[in-house]
Amino acid sequence: MADRSEYEAFVTGAWPRLLRTAYLLTRDWGAAEDLVQTALLKAWLAWPRIGHEREAYIRKIMVNVHVSWWRRRWRRAEVTSGSLPDRTQEADHMGQADVRESVWQALGRLPARQRAVVVLRFFEDMTEAQTAQTLGCSVGTVKSQTSRALAKLRLDDSFDFMVAKEAGQCPSTGWSSTT
Amino acid sequence: MPIDRLEFHDLMDERSRPALERPIPWQSLRARIRRSRRRRRAVAALAGAVTASLVISATVLSLRGPGQSDPTSVSIADPFPARYSEPDGTVYRKVAEATLDPASTKVTFDVDVRGKPLAIRADCPTKAWQPWVTVRVPGTSKKYRLEPPFLDCHDNRAVDVLPLPQGTRRATVTIEAHKKARPERWRFGVYEWTPPATMKAPPPPPEPAAAIAGWPLLATESSTWPVTGEVTLTVPNTGRQLALVTYCGGDLIRRLEQEIRVNSRPINTKPGCTAASLQTDPGATQAGPKVAYIRLDSGQRTTTIQVRLVTKIPQYRHRPGTLTAAVYEIPQGQ
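So the protein lines, in turn, are chains F and S.
When we follow my numbering, the leftmost residue of the first sequence carries the number 1, and every step to the right adds one.
When we follow my numbering, the leftmost residue of the second sequence carries the number 1, and every step to the right adds one.
Mixed in with the good hints there might be a few duds.
Stated by the list, open to error - Quick list of the computed label-pair ranges, beta carbon to beta carbon:
#, chain 1, residue 1, chain 2, residue 2, range
1, F, K42, S, R265, 38 to 48 Å
2, F, D98, S, G239, 53 to 63 Å
3, F, S144, S, G214, 27 to 37 Å
4, S, R157, F, K42, 25 to 35 Å
5, S, P102, F, A46, 34 to 44 Å
6, S, Q332, F, E6, 56 to 66 Å
7, S, A210, F, V139, 35 to 45 Å
8, F, E6, S, R157, 24 to 34 Å
9, F, K42, S, G299, 49 to 59 Å
10, S, G139, F, D98, 27 to 37 Å
11, F, P48, S, V43, 41 to 51 Å
Claimed, not checked - Residues on chain S that point at chain F, a partial pick, calculated with CB under 8 Å:
#, residue
12, R5
13, H9
14, M12
15, L20
16, P25
17, Y92
18, F109
19, A128
20, R157
Bear in mind the hints are in silico, worked out from the structure with no lab data behind them.
Where is the CB? At the ideal position from N, CA and C, for every residue including glycine.
Could you build the full structure based on these sequences and the hints that come with them?
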């Protein structure tokens, strides 16, 4: 049977990281906590069978549960009404805060799966192979989803990755040089 | 102006950073686990049962009942006490209570203001799709929001309303349901708060971790709030990226903002403080502490980083806190 104390120690350590990912996926703190709790509950039920990659396992549940939630919402034709702002951004003189806000809004308009790819690739710094494993799809799908997501972000005229030059290709390296 | 990949990472890092200050909802998580176990047992019991359908139905009803209203998940404490104190001695006094009923999309009510800052506590039926709280002063059009702009549905912590104009005697609070929210009953308590007449000594400044995510600590400096609330660190420029982590102590941990300057230039990233206890979290990596990635100026021999705590609420200058800034070096290739 699952070792409850080990589970609680794991939750204590992993909660902030999982919640950050969940928030980037859901864009709502309540929904994010619900998502993490749902994944942790599923993990608790399967605890004795989960190997050492517990956090990766739970992140995988989170991403897939979120995609299924999003599909259900979509089918009910709920119209996105624009969620509450997380924090007001005072426009700076260079307009950089406005650009960041535009990118943030554009990210929020991506379909769930594309947003998941972007979060896993560019926030979690996962490789294409790790992202594919988490999403349960092929590396090719990750590449195409990344490419589409970046294209959509660029279409907002607010985003231009340094990797944009690699038209149609998914970046596979780590940080770009930005000094 | 486009943003690059590092800035995009910073943006997601910044927006998701409040996660580090949100407590784990143990009560809710444990209740869900208990309910799940109960359902599993019920399913097992039903699978083994070969009795008449009437008896089975009765069993289902009796098992599902407690699962829907777990007695341990019901808080018996009053979510809106008339008066309470925070550990630093700040006293909160209730001035109004309101309810947003499932049938309503908005509730508006007036509160008397006596020159003290206002804060809102919420009794949340769910954590998703929170209502939006704004405060207006009669005769003016400006709206005053919460700071930070969301309710605390975890530990019922009072969230501050941005300062109202001096001389305000009455304010109108409006609470609007989120358009996506299911109709549910939300309760709110409006409080005014008073810092202690004699400020307590601040807690000892947190010691930063010797390394995070394998990044060694380069330099650290501590300060106390409100005496200085500012630290300056100068580190040699080796061409490697730097990461800045700020640790805060005291009741102001989730309430103060930061301004960061690198070589006298402000940076866009405005991370909140990392809780002092997070430094001891061995699992905390890049997604653990709140990290601000520092760009280096090529040609500069040193990099000077200034961190200053700031607040929009003047009464916070009567509440103690600590700040420790730590600079870590990111090895090449990471």
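Grab the minimum C-beta distance from S:L20 to chain F and call the hint holds if it beats 8 Å, violated otherwise. The hint holds - S:L20 has a Cβ within 8 Å of chain F, the shortest such distance being about 5 Å.
Determine whether the Cβ-Cβ distance between F:S144 and S:G214 falls within the hinted range of 27 to 37 Å. holds (33 Å)
How does the Cβ-Cβ distance of S:A210 and F:V139 compare with 35 to 45 Å: does it lie in that range? 37 Å Cβ-Cβ, so the 35 to 45 Å window holds.
Would you settle whether the hint for S:H9 is holds or violated, based on the nearest Cβ-Cβ distance to chain F being less than 8 Å? Cβ of S:H9 sits 6 Å from chain F, so the hint holds.
Per the CB criterion, is S:R157 less than 8 Å away from chain F? Constraint on S:R157 not satisfied, violated at 14 Å.
Measuring from the C-beta of S:R5 to each C-beta in chain F, is the shortest one below 8 Å? holds (5 Å)
Within 56 to 66 Å: is that where the Cβ-Cβ distance between S:Q332 and F:E6 falls? violated (36 Å)
If you check the beta carbons of S:P102 and F:A46, does the distance land in 34 to 44 Å? The hinted range 34 to 44 Å holds for S:P102 and F:A46, with Cβ atoms some 36 Å apart.
Kindly confirm whether 25 to 35 Å is satisfied by the beta carbon distance between S:R157 and F:K42. At roughly 29 Å between Cβ atoms, F:K42 and S:R157 fall inside 25 to 35 Å, so the hint holds.
Between S:G139 and F:D98, does the C-beta distance stay in 27 to 37 Å? holds (32 Å)
Regarding F:K42 and S:G299, is the given constraint of 49 to 59 Å on their beta-carbon distance met? At roughly 53 Å between Cβ atoms, S:G299 and F:K42 fall inside 49 to 59 Å, so the hint holds.
Using 8 Å as the Cβ threshold, decide whether S:Y92 counts as touching chain F. violated (23 Å)
Comparing the model with each earlier hint shows violations of hints 2, 6, 11, 17, 18, 20; every other hint is respected.
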